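Novice: Residue-level listing of the chains:
There are 2 protein chains.
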Amino acid sequence: MASARPPLNWLRAFEAAARLGSFAGAGAELNVTPSAISQHIRALELRLGKELFDRHANGVRLTDRGRRYAEELGRAFGLIDEATARIAGRGTREMLVVHVPTSFASQWIAPRLDLFRASHPTIDLRLTALDHGEGKVDAAIEFGWGNWPKREATLLLRDETFPVCTPKYAESLNSPEDLRARDLLHVPGYDEDWDTWLAHVGVTGIDTSAGSFFDQSIMGIRAAIEGKGVLLGRTALIERELASGLLVAPFEQRLRGAGSYWFLATPQKARTPKVTAFRDWLLNMTAPVAAVGA
Amino acid sequence: MASARPPLNWLRAFEAAARLGSFAGAGAELNVTPSAISQHIRALELRLGKELFDRHANGVRLTDRGRRYAEELGRAFGLIDEATARIAGRGTREMLVVHVPTSFASQWIAPRLDLFRASHPTIDLRLTALDHGEGKVDAAIEFGWGNWPKREATLLLRDETFPVCTPKYAESLNSPEDLRARDLLHVPGYDEDWDTWLAHVGVTGIDTSAGSFFDQSIMGIRAAIEGKGVLLGRTALIERELASGLLVAPFEQRLRGAGSYWFLATPQKARTPKVTAFRDWLLNMTAPVAAVGA
DNA sequence: ATTGTACCATTAGATTTTCTTGCGCTTCCC
DNA sequence: GGGAAGCGCAAGAAAATCTAATGGTACAAT
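In the order they appear, the protein sequences are chains A and B. So the first sequence is numbered by UniProt numbering: it starts at 1 and just counts up by one. So the second sequence is numbered by UniProt numbering: it starts at 1 and just counts up by one.
Treat the hints as calculated values from the structure; they're not laboratory data. The hints are all genuine.
If chains are identical, the list can't say which one is meant, so a pair holds when it fits in one copy or spans any two.
Each computed DSS-like pair below joins lysine-lysine, with the alpha-carbon atoms no more than 30 Å apart:
no.: 1; residue 1: 168; residue 2: 228
no.: 2; residue 1: 269; residue 2: 136
no.: 3; residue 1: 136; residue 2: 150
These figures come from a predicted structure and were not determined experimentally.
Model the full assembly from the supplied sequences, consistent with the hints where possible.
Specialist: As structure tokens, this is what we get:
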């Protein structure tokens, strides 16, 4: 009878406190303060009309009743964990759900996933480009300026913007002026676009309203790889293509943008081990940066 | 491993939907909208990386995986319910926690508890005078004007205020002027006090700053029963004493106050069966009144 | 073919639940 | 005597949950 069941979060707090022998220990396991645990257990006792712990100034002790209840709850939670592990098919592994731009996921994270898996075999990643609403994902990676409200923002990558194309396409590009006669590939949505770059290198008279436009960088990258034009690329998303020679930078001028890629998580989520582990791994994979609390 | 466990409320929503075969059915059982169930299950599937339901425009169908998972979760929740029933010692009975003024609990509810228990044998009551903070109690009974924010208020009792004392004490009280030479018993905190009543009956010159003062009506009632003075009593709290003759009203003038006793619950709590049952019972026990949404 | 009903999906914002913070207290150890 | 550890409490902040509104589809009834 669901309606006689106490709130499950209270039971979770109680079971953890009983198993670990302290509110402080339970708080550490559940990533909350001991005060939160105390309030849950107090509420549970109010609801049940029974004392589960004897209170002492230097710690709590389970009552006999509390110990029996905790044992049974422990078995129930064990069943839940086993069922979840069986259904998810990952044993003691856990899922980390991250909201990431498609291009960053494909171009930057996917090529390194083997490294993450090797160093964190118990964490499965789910990268989603969709917005699932508040609290449904564990963390996010966003491009911007780091000033998101209510999120801890950790700087991952500063980007540089510069033209790229195939080596063959580059043969006819000796100076930026040569872009006039070529197809420009655009990915709108950033402050740095063809106008910005051309102004940066002091070239005028090129029609930047022409060319092909893509909603996502990865589409433009693919078009460039297929030799369909010159893409205004960004470092983070094409470093493998540059390294392999699939794409080259026909000019050496690069534009340092104001935006960067940031790792975002709410303070509560940021404290969970899997989020911490992923963030630290990302930081290891990128240049040293300082975390900026937003 | 607690950290790989999905949020328990998501599991609860999923298990109910699976067992009842619809999101609408699960919503009805858990007193939430089907939309809430839908969002929880979607989030769970995101977290697990597995589909638990096949979606159809006219309803959902469990996948095989979903059915297996729901069966195991059902067993776990069954363990939780059994353990809770064993510890609480009330089988399928459930606890209703109500925040009530001490005097109202003792003087009005307690004398009728047998009637409530007889008509609702599956609901145990816990009456508490303490404030346990938001969301820790299921409902409240308060004295006031019915304008609490965010609470559904149902009028229970309008009160009348008038002097009461023992029959023996009343022998020397032929008119309100006779109160001048007697001990007044006060329960401060109401708009209607001795000053108000005396003004109401047109009597002046009685020192209402003298006498004994009690923080709770039940103390004053006991003092009156012990013949220690004349209490300015209120209908709801002394009807049994009046009926038994322990206390009498030496004068017939009664003061209709502005305040009343109200039954309060948040809209969410108000929808739960046990809260509904208790409120309806209270209404049956009191004069017919109209519910006022606050 | 049309209409009504039932159900679920999605998004934005409201509400509720949960949690943190700050402070206070006690016990125990050094 | 002082420091460390632990829990309690209340107020307010943060997070989680939920509702409302709208839209869509399938199916049954007409």
